[in-house]
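Peer 1: Starting from the known structure of chain A, fit chain B onto it as the hints suggest.
Quick mapping for you: the protein sequence lines, in order, are chains A and B.
Start counting the first sequence at 1056; every next residue gets the next number (this note's numbering).
Start counting the second sequence at 185; every next residue gets the next number (this note's numbering).
FYI, nobody ran anything at the bench for these hints, they're computed from the structure.
Take these hints with a grain of salt, some might be off.
[To be verified] Keeping only pairs whose Cα atoms sit at most 27 Å apart, straight-line, the calculated DSS-like set for lysine-lysine is:
| no. | chain 1 | residue 1 | chain 2 | residue 2 |
| --- | --- | --- | --- | --- |
| 1 | A | K1103 | B | K397 |
| 2 | B | K212 | A | K1115 |
| 3 | A | K1506 | A | K1461 |
| 4 | B | K217 | B | K346 |
| 5 | A | K1690 | A | K1563 |
| 6 | A | K1108 | B | K393 |
| 7 | A | K1305 | A | K1255 |
| 8 | A | K1621 | A | K1563 |
| 9 | A | K1305 | A | K1269 |
| 10 | B | K217 | A | K1108 |
| 11 | A | K1507 | A | K1461 |
| 12 | A | K1358 | A | K1536 |
| 13 | A | K1108 | A | K1069 |
| 14 | A | K1115 | B | K393 |
| 15 | A | K1108 | B | K401 |
| 16 | B | K362 | B | K393 |
| 17 | B | K397 | A | K1115 |
| 18 | A | K1115 | A | K1174 |
| 19 | A | K1103 | B | K393 |
| 20 | B | K212 | B | K401 |
| 21 | A | K1589 | A | K1128 |
[To be verified] Derived, one-sided and incomplete: chain B residues facing chain A with beta-carbon distance under 10 Å:
| no. | residue |
| --- | --- |
| 22 | S208 |
| 23 | G245 |
| 24 | V249 |
| 25 | R253 |
| 26 | A257 |
| 27 | E365 |
| 28 | Y367 |
| 29 | S370 |
| 30 | T376 |
| 31 | A377 |
| 32 | A378 |
| 33 | A385 |
| 34 | K390 |
| 35 | A394 |
| 36 | K397 |
All C-beta atoms in this analysis are idealised placements derived from N, C-alpha and C, irrespective of residue type, glycine included.
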Amino acid sequence: MANVIVNRVIEFLKKYPPFSFLSPELLAQVGREVDLVYFEEGEFLFQKGEPAKSYFFVVKEGAIKLTDHFEGKEETVEICDEGDVFGVLALLGKRPYILNARADENSLVMAVPVGVFEKILSENNKVSLYFASGFASGQVVVRSGLSQTQKVRTLFGRDTNENGLMLFSGQTTIQFSHPVIYCHTGNTVAEAVQKMSREKVGSIIIVDQNKHPKGIITDKDLRNRLIAQNLPYSTPVTKIMSQPVVTAKKDMEFSQVYLNMVKHRLHHLVFTEDGSSDSPLIGIISDHDILLSQGNSPAVLIKALQESQDIHELAKLRNQAEGMLKYFLENELAIEFIAGILTEINDTLIRRAISMARSRHEAVFPELRDLQFCFLALGSEGRGEQLLRTDLDNAIVYEDVADELKEKAQNFMHLIARDVMDILFACDFHSCPAEMMANNPQWCQPLGQWKKYFSQWIREPDPQSLMMATIFFDFRAVSGKQALADALTQHVYEEINQAKVFLNFFAKNALLNPPPLGFFRNFMIEKSGRHAEKFDIKLRAMMPLADAARVLILSHQVVGINNTFKRYEKLAELEPSQAALYRDAGKAYEIFMRIRALEGLSTASSGRFIQPDSLGKLQRQLLKNAFFPIDEIQKILKVRFQLDYFGN
Amino acid sequence: MDWKKLFGFAPLPKPEFIKVYEKSMERKIAGGKPVSELEFLVIDTETTGLDIKRDLVLSYGAVQVSHNRIRIASAREFYLRPKKRNREAIKVHGLVRERPYVSREQLIRSFLDDAQHKILVGHHLGFDLAMMERVGRSIGLGKIKNPVLDTFNLALRLDMGKFYDPQAVVSTDYSLDKLCERYAISPDDRHTAAGDALLAAQLLVKLLKAAEKKGIKTFADLMG
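Isolated chain A, as found in the complex (with noise of 0.2 Å):
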C-alpha cells in the first residue's frame, strides 16, 4: 500500500543510478524494505576488514567518507555525498570490508537490504550492470569490470538502440538497396546490361546457381574493361567482372560497415546472409546510398577534402569535421570508430597538403621527381588518437640519395614541409612548442640521419632520449612511401635487440606519472569551498596508460599497432592471464580519450585539465573507476622489467 513515507523514500531513490533504472513496482517494493539511519560526525559505519552487512548504503543526506590506512594513518579514499551508493561489497560476493566508512558531518543515510536487491540484480541487467562495472563508491575491486563501463555508459539516460550511427538517418538498422539486382555467372554482358538499364541501376551483382555473389559489374567496368578493350557484348560477365566483393553480415554495426567503407575507399558492400561470400546474397549499400542519405557525412567530408584545391577551403571542411566530433562524442559512438574517422580526416588533410605542397615545387628540382619520402605522424596522431586539433607532433623520412644531390633533396623536402605544415595550421592545428614537426630541419631528414637518432635513443637512455622515444616510437606513415617506416620500425626492433636494457629505461620512464591518487583528495577539499583545483587528464591518466603500452608492445615486438586501446587489445591477446586487466586499461582509455575531448570542445581548449565538479555524478564514477587499471599496469611494469632493482 502506498504511504507518504513509503513514497518519500521513493521520490528521493529514483533520482539516483541504480535506482533510477528500477520500474515503480520494484522501486516501490525496495523503498518500502529501507531503513533510515543517522550517523554524527566521526561515528564509523563500518570498518575495514569487518564482514560485510546484511544491506548496502545510499546517502541521504550529509556526507560519508571512505577512509584506508596508509602507513598507519587514516586517508580518504572518498567523499560520498547525497546520492552516493557504498558499501555495496555486502551485494557482491560478501566480502569482508575494505575500507572504512565513517560521517564526514552529521548524515542520514539509507541501508537497502540486501535480500530485495539480490533479486533485482539477477533480473535487471541495467542495474546488475551499474554495480557489475564498479559505479558504485569504493568498489576497488573493478577488474573485470572496466569492460562492462562502456555498455552502461550508454544505457544511462539513453536507450540502448540509439547508439548507432545511423543516428544521422535515424535509423538503427543498416538500410541497403533491395531487391538486388543480379545476374547468373552463365549470363553475357549484353543481359546484365540490360538488366541494369531496365532497373536503372549502376552496377550489377554476379551470382552463382547458389545466389552466392561472385562478382560485381559496375558502369566504370563497362567502360574499361568492355568498350576500351574491344571486347563484344557476348562476353561472359565473369570475364569483367569485379572481384571477390567484399561482404559482410547484415546486422554487423553499422558503424563498422560505415568506417571499412570510408578506410579501404568501398564503393560498394554486398550483404549476404550470414557475412561471407560463399552465403547468399541478401543486398547491397553502396558510398552513394549513403551520400544521399547523409549530408554531412565523414565520406562525404573525406571526399571533399580530397577534391579541395584551396587552403580555405581546407580550413573550412576542417572546421566542419569539428561540429562531426561533438555530435559523434554527444551520441556516444564508440572511440574506435570516432578516432578512426577523425584520424582518416586528418591523413586525408596531410596528403592533400602534400600533394598541393610537391605540384607546387616539383618543377624546381626535376633530378628529384622520383625521391621517395615519407610522412610520419608522431605521438597522439601518430597513434591514431588524436582528436582534437592539439600540437602537431610529424616528421619527414625521405631516401638517402647520393652526396651531390644531399643538399638539394633537403632544400626540396624542407620546401614541402614547410607548405604542409601552413596549411596545416591555416587549418587551426597548433605549432608544437618543442618543434617536433617536419618543417624543422631536424626532423625532416633522410633514412641513414633517422636511424642514427633511433639508435642514439635506444642506446644512449638518458633522460632526453627517453622524452624523443615516446613521442617518435609512435610513429606512423601517413603519406608516401610505407617502405621507408617500414626500414624504420624493422631497424627499432634490431637496435632493441642489441640494447635490451632500453626496455627496462623504457619502462622505468612510463612510470613517471604516478596514478591520481591524489584527486579526490583535491575533490574533498574543492568541496569545503577553497580553491578549485584542475585534474591534467593528460599527464595522469592518458600518458602512463599510452608510456606502458607502447613499453609493453615494444617487449612483445609487435608491429604496426598503434593506437593505446588497440595495443591493450593485442596485449590481451598476447598475454591470456591478464586479459581482464589489459583490456580494462584499454577502456580506461577510451574513457579519458572522450572526456577529454568533450572538455575541449566544451571549453574551446585542449581539454587537458578538467574541473573535477564540471563533470556529472556518472561521469566523476566513471572517470574514477577508469583511474584504477593504470596502478595495476604500473605494477605489472615493475615486476616485469624488474624496475625496484633498477637503478637511476
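Peer 2: Same frame as chain A, now just chain B:
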C-alpha cells in the same frame, strides 16, 4: 449473576488483540537496557480539532525506530472514514480523494500490534494518545499503558536539564517545525499524520544521539 451483562449494559467482550496487548504490557523493559537497543513506535494523528472530548481522528501515521534505525518497512498510514460524511460537500468538490480508509477496529488493532514492547514516541504525544484511547474505547481499549517519550520534552530536557521550569519555556521554540529546522530535518509532508510521524522519528534518532552524549545512556536514564 452478572446483572450488567444480563441487561445488555456490559461492554462487548474484549477482543483477543486487546488482551494480547495488555498481556504484553506486563513485561517491563529493563531499566538498564542501553538506549541504542530500545524499540520505539513513533506516532502522529491528524484530528478535526484540538478538543479531546469532541474532535475526531482523521488519520494516523506511525513508524518504528529500533537500534537507532527508522524502519521504513514498518511505516503505517491509515485514514478513518469521517463519521458524518457531508454528501453535499462531496458533491461540491466533485470527488473524494481515494484514501486507504480502515475501520476503527483495524486501526486500533494495527496500533496495538505495533505498540507491544515499544516505547511510544510523538511530539506532544499526550494529545495523540488521548485521541487514540477515544477511538479505541468503544471496542474495549482501556488505557494505553506503554512507556512514553515526548520529543517535545526530550528536546527541552537536552537544552535545560532534567529539572527545568516549564514556566520559563517559550513552547513555540520547541514546536515540531522549529525543532526540524534546528536539527536540519527537511519538513517534507508536514501536516499529514505519516509525514509528521517520520519527522518525529528523524528528530528522535537525532535527539537520542545528543542525549547519549549528555549521559542519557539507558532506558532508566531516558525515562527518569
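Peer 1: Evaluate each hint against the coordinates.
Peer 2: Structure-based check of each hint:
1. A:K1103 - B:K397: holds, 26 Å
2. B:K212 - A:K1115: violated, 35 Å
3. A:K1506 - A:K1461: Holds: K1506 of chain A and K1461 of chain A sit about 17 Å apart, inside 27 Å.
4. B:K217 - B:K346: This hinted pair holds, its Cα atoms lying about 20 Å apart.
5. A:K1690 - A:K1563: Answer holds: K1690 of chain A to K1563 of chain A is near 11 Å, not above 27 Å.
6. A:K1108 - B:K393: holds, 22 Å
7. A:K1305 - A:K1255: Satisfied, since the Cα-Cα distance of roughly 24 Å is no more than 27 Å.
8. A:K1621 - A:K1563: Distance of about 22 Å is within 27 Å: holds.
9. A:K1305 - A:K1269: holds, 18 Å
10. B:K217 - A:K1108: holds, 24 Å
11. A:K1507 - A:K1461: holds, 17 Å
12. A:K1358 - A:K1536: holds, 22 Å
13. A:K1108 - A:K1069: holds, 23 Å
14. A:K1115 - B:K393: holds, 18 Å
15. A:K1108 - B:K401: holds, 25 Å
16. B:K362 - B:K393: holds, 19 Å
17. B:K397 - A:K1115: holds, 24 Å
18. A:K1115 - A:K1174: Satisfied, since the Cα-Cα distance of roughly 23 Å is no more than 27 Å.
19. A:K1103 - B:K393: Roughly 24 Å separates the two Cα atoms, so the pair holds.
20. B:K212 - B:K401: Roughly 18 Å between the alpha carbons, so the hint for K212 of chain B and K401 of chain B holds.
21. A:K1589 - A:K1128: Since the Cα atoms of K1589 of chain A and K1128 of chain A sit roughly 26 Å apart, the hinted pair holds (cutoff 27 Å).
22. S208: violated, 24 Å
23. G245: holds, 7 Å
24. V249: holds, 9 Å
25. R253: holds, 4 Å
26. A257: A257 of chain B check passes; min Cβ-Cβ to chain A is 5 Å, inside 10 Å.
27. E365: violated, 14 Å
28. Y367: holds, 9 Å
29. S370: Result: holds, 8 Å to nearest chain A Cβ.
30. T376: Constraint on T376 of chain B satisfied, holds at 5 Å.
31. A377: holds, 8 Å
32. A378: Hint on A378 of chain B: holds, closest Cβ of chain A at ~4 Å, below 10 Å.
33. A385: holds, 8 Å
34. K390: holds, 6 Å
35. A394: Result: holds, 9 Å to nearest chain A Cβ.
36. K397: holds, 9 Å
Of the numbered hints given earlier, the model fails hints 2, 22, 27; all others are met.
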